[in-house]
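2 protein chains.
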Amino acid sequence: MEKRLINIGILGFGTVGSGAVKVLWEQKEEIEKELGVELRIKKIVDQDWQRQRPVAVPPELKGKNLEEVLEDPELDILVEAIGGVEPAFSVVSRFLSRGKTVITPNKELIAKKGRELLDLASQAGGELFFEGSVGGGIPIIQTLKTQLLGDDISEVFGIVNGTTNFILTHMSLYQSSYAESLDKAQELGYAEPVPTMDVEGFDAAYKIAILASLSFHTRVDVESVYREGITRIIPQDIEFAQELGFVVKLLAIAKLIDNAVTLRVHPVFLPNNHPLSGVNGVENAIFVKSRFRELTFRGPGAGGEATGAALVGDIIEAVRNILFDSRGRVGCTCLRELEVQPIAQLETQYCIRVLALDVPGVLGKIATEFGDGGVSLSAVKQPVSTPGKLTNIYFLTHSVREELLQKALKRVNDLEVVSDTYTIRVEA
Amino acid sequence: MEKRLINIGILGFGTVGSGAVKVLWEQKEEIEKELGVELRIKKIVDQDWQRQRPVAVPPELKGKNLEEVLEDPELDILVEAIGGVEPAFSVVSRFLSRGKTVITPNKELIAKKGRELLDLASQAGGELFFEGSVGGGIPIIQTLKTQLLGDDISEVFGIVNGTTNFILTHMSLYQSSYAESLDKAQELGYAEPVPTMDVEGFDAAYKIAILASLSFHTRVDVESVYREGITRIIPQDIEFAQELGFVVKLLAIAKLIDNAVTLRVHPVFLPNNHPLSGVNGVENAIFVKSRFRELTFRGPGAGGEATGAALVGDIIEAVRNILFDSRGRVGCTCLRELEVQPIAQLETQYCIRVLALDVPGVLGKIATEFGDGGVSLSAVKQPVSTPGKLTNIYFLTHSVREELLQKALKRVNDLEVVSDTYTIRVEA
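If you read the protein sequences in the order shown, they are chains A and B. Oh and the first sequence: position 137 is 137 in this note's numbering, straight run, nothing missing. Oh and the second sequence: position 44 is 44 in this note's numbering, straight run, nothing missing.
If you are wondering where the hints come from, they were derived from the structure by calculation, not from laboratory data. Being a predicted model, the structure only gives us computed values, none of them experimental. Heads up, some of the hints might be wrong.
Copies of one chain are not kept apart here, so a pair can be met inside one copy or by any two copies together.
Claimed, not checked - In silico EDC-like cross-links for lysine to aspartate or glutamate, where the CA-CA straight-line distance does not exceed 20 Å:
1) LYS145 x GLU30
2) LYS22 x GLU337
3) LYS145 x GLU29
4) LYS33 x ASP152
5) LYS112 x ASP237
6) LYS145 x ASP119
Extracted from the complex, chain A is given alone in its bound form:
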């Protein structure tokens, strides 16, 4: 019996695009046997064919023009790996609108345009997969859409950015500064020359928007994610955390509270017995809490082969749906429109670092402002310092509402002896 031929086009041949091709070619025979089809990569389009690639591409497969995949009526599946919103959005839209399948790891595209694209796919009989958009090689997206769909998830949060996790891990291990650790990350290729998207939490914000949307079955506007990066963290913060039994991590957090969603990306103090606390370096992990179970998914958050394997996982799903004529069997699950809870309404514990003059009475003054502001303290640490010089004093508060804390902090900041304050939220 002749096997059905599935034609695949690849758009973008950077780390992830070439990773997917490598995985697919290495595993071609096995996957074809499992699915009972023939898989053919028909065209790979990229603007720059001079770059070093992990896989050799026959000349006849190399294309330079978007139209070479877009205008080919034989293609069944398009892998979009160019990143960013445009031209990805236009290209993906056109392909979906012809009732075809698109696979993309493009987190920005999905976070900003996912709902629109899923609607389009549904209307046109096409299908959109985006497993690689969150957690690189960790299979979380499809799991949320299938096995966990009925779970009534109340919390989903994780370490979803490898760059920042590497930097924080490096700072913890070597008591090195943020700048030194960023240098190291750049040297190893874990951070971009301009690292803003990672270190300021934009990348993590896209990812938590996607996770929240799937977990809570709601539309999420990525602009509504509260976001703080890791650039202000100093080794002393991490040391204070460790003394209290915490690690410092950049978490992307989404929780359901009274029918509203809290959506935030910021550094946290995380108890060192939490399943995410041992996730170090560029590794990622996602924690899901539902009414019925608590799950942790841990693995490589990036890398061509790992993310490529996630794309190939999507190709497998896509092929099965083509074979069984069941495209769209897992569609958009976001039926709700939940409110986003303002960060001011958050209630948690806080670590506060106060840079203050070491003069008589300074601790009393600061503590009094906290107390007068309704912020109760759970732990205090004032390291040995030099009289008359600036020193960092650390406070851990009891649980308090963020707006109260911010008011009290303003009063602390207004003290003449106080030069600066910095806050890290506790996540338990």
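With the hints as your guide, set chain B onto chain A.
Below, chain B without anything else, positioned relative to chain A:
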């Protein structure tokens, strides 16, 4: 538009069966909205309706006779939660052979008869799901069949038995004996009155047979799983492990080595920086290593609601396939017939506890036998003991082939000063 009605029958209303019903009823509205169907539990069959249940069942749903679900032509999905091979096998076979869908968490059934049932389902146009059979609430089965199908997995191993993990955790935390810790587990309902299936590793053997079959796309005979339980472990073993940077866990292990599979369940020394090392109490976790990524899946290994949620996850998949007429889109993935590597060919490090008389020269005699037997030692610990009395001496070997080790051990055992030996393999 009228929604399609999906009729579900439940066979067995113990912990898992009632857990599934509870989850399904609590989440009915949301799941129905997501899937666009009406879900109805039409009949629940159990022999004993006197037991306490976490959910109230209307009298008209209660059945006592298998035939009440088997003979109902309206049922679309059968949830088999009676456990064991018979009558489960006959019932599931009959239902599948009518082209219907069966969902079961029955690990013994799947480990022993899974291939047969999957073939039957495929021939008859029925479908078989078994997410709950391994790792309770951890979504690993469907993930292996979908997202990881193309991954070329080389290792899958995990903590897949909560009872033994609870006992070992308890022994570690309180330096308590196996017997005391088992008592505690039984008191808390984590161990059966007759705990053999768990503590001797039978349960874990079923589960690793299933995981290996899916991971390596091969048939697995559950009888070929090498199996040792945890009953001989003493607190001193755990102490020795900790001193060397290990924890003691009962692992179920499957690895691909030179086109053969090693399949084994036994206690191990696991490095305490391994993702599985922090998995304590009744929690389970599964580690998967493929050519492209290393993943850890962690969560509740048992419990009515957690496993019930896994069954509901299967129901969601099943319903989608019914709606899209795509039953069988994920069929049996076990196309190979890999050899099983005999345990004698294993190569690893070993911890050896030698119970010997504290007499002059004893350590030299034992060490000489190891050396003469080709077993090289990496660490030795002889605690302070009483001259002339029996004492436990600990050895950690370098990596060595198991058959060599067993020969050397026989020579050690033959020494007059040696009363007993016990071996724990190192897993790295």
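TODO: Could you tell me which of the hints above the structure violates, numbers in ascending order?
DONE: Failing hints, ascending: 2 and 5.
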